[in-house]
Amino acid sequence: MWYRPGRTRWENGGVTSTYDVLLGRLSSAFDAISEGTDPVLRTSDRSDYQANGVMALAKSRGENPRDTAQKVMEQLDLAGIAEVEVAGPGFLNLTLTTQFLNDQLRTLISDERLGVAGSTGRTVVIDYSAPNVAKEMHVGHLRSTVIGDALARMYRFRGDTVIARNHVGDWGTPFGMLIEHLLDLGEDEAIASLSIGDLDSFYRGARAKFDADDAFKERSRARVVALQGGDAETRRLWQILVDESVAYFAEVYRALDVTLTPSDVVGESYYNDMLDDVVRDLDALGLLVESGGALCVFPEGFTNRDGEPLPLIVQKRDEGFGYAATDLAAVRDRVSNLHADEILYVVGAPQGQHFEMVLAVARAAGWLPAAVRCEHVAFGNVLGPDRKMFKTRSGETVKLIGLLDEATQRADVALALRPSAMTESERRHLATQIARAAVKYADLSTDRQRDYVFDLDRMIAFEGDTGPYLQYAHARLRSIFRRLEHPWDPSATTFTLNDRAERELALGLVAFPEAVDAALATLQPHRLSGYLFDLAQRFTAFYEACPVLVAPEPQRSERLALCELTSRTLALGLSLLGIEAPEQM
RNA sequence: GCGGCUGUAGCUCAGCGGAUUAGAGCAUCGGUCUACGGAACCGAGGGUCGGGGGUUCGAAUCCCUCCAGCCGCACCA
612 MWYRPGRTRW ENGGVTSTYD VLLGRLSSAF DAISEGTDPV LRTSDRSDYQ
662 ANGVMALAKS RGENPRDTAQ KVMEQLDLAG IAEVEVAGPG FLNLTLTTQF
712 LNDQLRTLIS DERLGVAGST GRTVVIDYSA PNVAKEMHVG HLRSTVIGDA
762 LARMYRFRGD TVIARNHVGD WGTPFGMLIE HLLDLGEDEA IASLSIGDLD
812 SFYRGARAKF DADDAFKERS RARVVALQGG DAETRRLWQI LVDESVAYFA
862 EVYRALDVTL TPSDVVGESY YNDMLDDVVR DLDALGLLVE SGGALCVFPE
912 GFTNRDGEPL PLIVQKRDEG FGYAATDLAA VRDRVSNLHA DEILYVVGAP
962 QGQHFEMVLA VARAAGWLPA AVRCEHVAFG NVLGPDRKMF KTRSGETVKL
1012 IGLLDEATQR ADVALALRPS AMTESERRHL ATQIARAAVK YADLSTDRQR
1062 DYVFDLDRMI AFEGDTGPYL QYAHARLRSI FRRLEHPWDP SATTFTLNDR
1112 AERELALGLV AFPEAVDAAL ATLQPHRLSG YLFDLAQRFT AFYEACPVLV
1162 APEPQRSERL ALCELTSRTL ALGLSLLGIE APEQM
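Every number in our numbering is 611 more than the matching position in the first sequence, counting from 1.
Bear in mind the hints are in silico, worked out from the structure with no lab data behind them.
All residues carry an ideal CB built from backbone N, CA and C; glycine is no exception.
Hints should not be assumed to be uniformly reliable.
[To be verified] Cross-link-like lysine to aspartate or glutamate pairs, in silico, DMTMM-like; alpha carbons within 20 Å at most: (1) Lys682 x Glu694; (2) Lys999 x Asp1068; (3) Lys682 x Asp714; (4) Lys1002 x Asp811; (5) Lys927 x Glu953.
[Stated by the list, open to error] Estimated spans, in silico, between C-beta atoms of each pair: (6) Ala803 x Arg1029: 33 to 43 Å; (7) Pro1193 x Asn883: 39 to 49 Å; (8) Ala698 x Glu1035: 52 to 62 Å; (9) Glu862 x Glu800: 37 to 47 Å; (10) Glu800 x Arg916: 39 to 49 Å.
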């Protein structure tokens, strides 16, 4: 019961998932008694599935739940699909028939999507990662990047058009000092410094001069004015900073195996030309109020610490625009130009109130139709061992690339200790795959809303609920197939599932669509992670109990088919999380 | 002060549109090795689900309250 599907269902060319078959039959029976009753179907540890909807139904009708259960049973047609019995106070426990499981498994074997339904092709804008130009990517960017990318992959797999938007911080007052610093270093020197990925020291260099040198500070201020005024030379220098940074981000994304590309970068500056319109249109709508010299909107229901209405500051006293203006412009752009059906912001939880306000204003202004789903996919912090924000010993932010390097190093050391025919470069490559899996899985396997403690030792372990464990399970499966000497056709398989471990594995396989649906419906990748770990455990239990290659036919073929499906499910599931499944480890 | 999030086994975490005996991983202890990868598997101990009230036939789950921690709360994004 660690995953629960959403309620929205999609079509998949005639393939109906096990969950949907059961839900359909149950819904008909419940509807016959009271239209629209949810059967509350879920997986069960008492039987294969259980339906708890009888309890609520009985309550609303003032009946004894067991009597209601009987009435549902009379309407319920699950012939050939499942045995049903009323249990406890009125639960319906469902046990799938072997025949039905066999049918479902055979369907999965011939279905590339492994039973996951596709969508009608909606347009989904996912705003994620968002590093800052001329600043290092650090652990603070990890979650947005990893979670956003996993969601992007899941949506794409479902058949939606994903428009990734990397809302990089490429504008604002710091650029005055950054450009002046660039000039001080000389362009070639500056580019060299930026391109080796040492963005932090570049930024710190600029900052130090800004704080210590009044003349530099003055130049910086003038430079900001020139930048905002559109001065061509200043603009060119700014572009150098942007280009070099974006190239560096691309390296980090490649190291992380994240699908973002430079063409997904649509930074804050992109919206500059739209900001005047935002102000003008808000004013025309009568939503704009001047307060303390700033132009604000006061959405209903927000108050500050003194209980007074809380403003969303659109234009500052100095006539500069705040990020609220940019975010509002972005919403408009995404709705009217990108034609988004859905917009997701994968941004840290602390910005919750800001997004609530922005969206409230956008809705009030009519820029965000009710039909467009718009969600803040919030996530908690990455904590260090001391349960405080993850920092280095010396209190500095932890570079993302450094984190990956360390993880790779550890994986490589662990691999080197084992006898293997791998070349050093093969081993090195494998180590990067394991390291990525470790870091990403750790992030994607807990409820995103919570903070989590970053513990490299735990996440890179091959034991337990880790990415490497799942990769290992997959690699073991692949090794079975490498030993196969003759061509083998899984489509002819008949599943008898005589061994308990075979049946448990089959039940896991058949539940894959539920897990993907649940992850998408709730925007919680950990639903899928939890499913995959459970499946891997079912597989290893099966693998211990049931010899495959040495089993007599037709058992051998059946078990091979189960292995085949498990292998494909693990690989596909991991790929939806952005995690690779190597053939060998 | 207002708002949000969090508090479940020694540790890290699932479960929280109420429902049959509260789950997992790690750690600990005890087992399994002449089968396809032991980086594995099986088993055991370990929890008054932060405290207290309430609703309910039934609450980790819903409501109220208190405690503890983290994070927001007007011109930095």
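So, going through the hints one by one against the coordinates:
1. Lys682 x Glu694: holds (16 Å)
2. Lys999 x Asp1068: At roughly 18 Å apart (the allowed maximum being 20 Å), aspartate 1068 and lysine 999 satisfy the hint.
3. Lys682 x Asp714: violated (29 Å)
4. Lys1002 x Asp811: holds (15 Å)
5. Lys927 x Glu953: At roughly 30 Å apart (the allowed maximum being 20 Å), glutamate 953 and lysine 927 break the hint.
6. Ala803 x Arg1029: 33 to 43 Å: holds (40 Å)
7. Pro1193 x Asn883: 39 to 49 Å: This hint holds: roughly 45 Å between Cβ atoms.
8. Ala698 x Glu1035: 52 to 62 Å: holds (58 Å)
9. Glu862 x Glu800: 37 to 47 Å: For glutamate 862 and glutamate 800 the Cβ distance comes to about 20 Å; the hint is violated.
10. Glu800 x Arg916: 39 to 49 Å: holds (47 Å)
In summary, the numbered hints that this structure violates are 3, 5 and 9.
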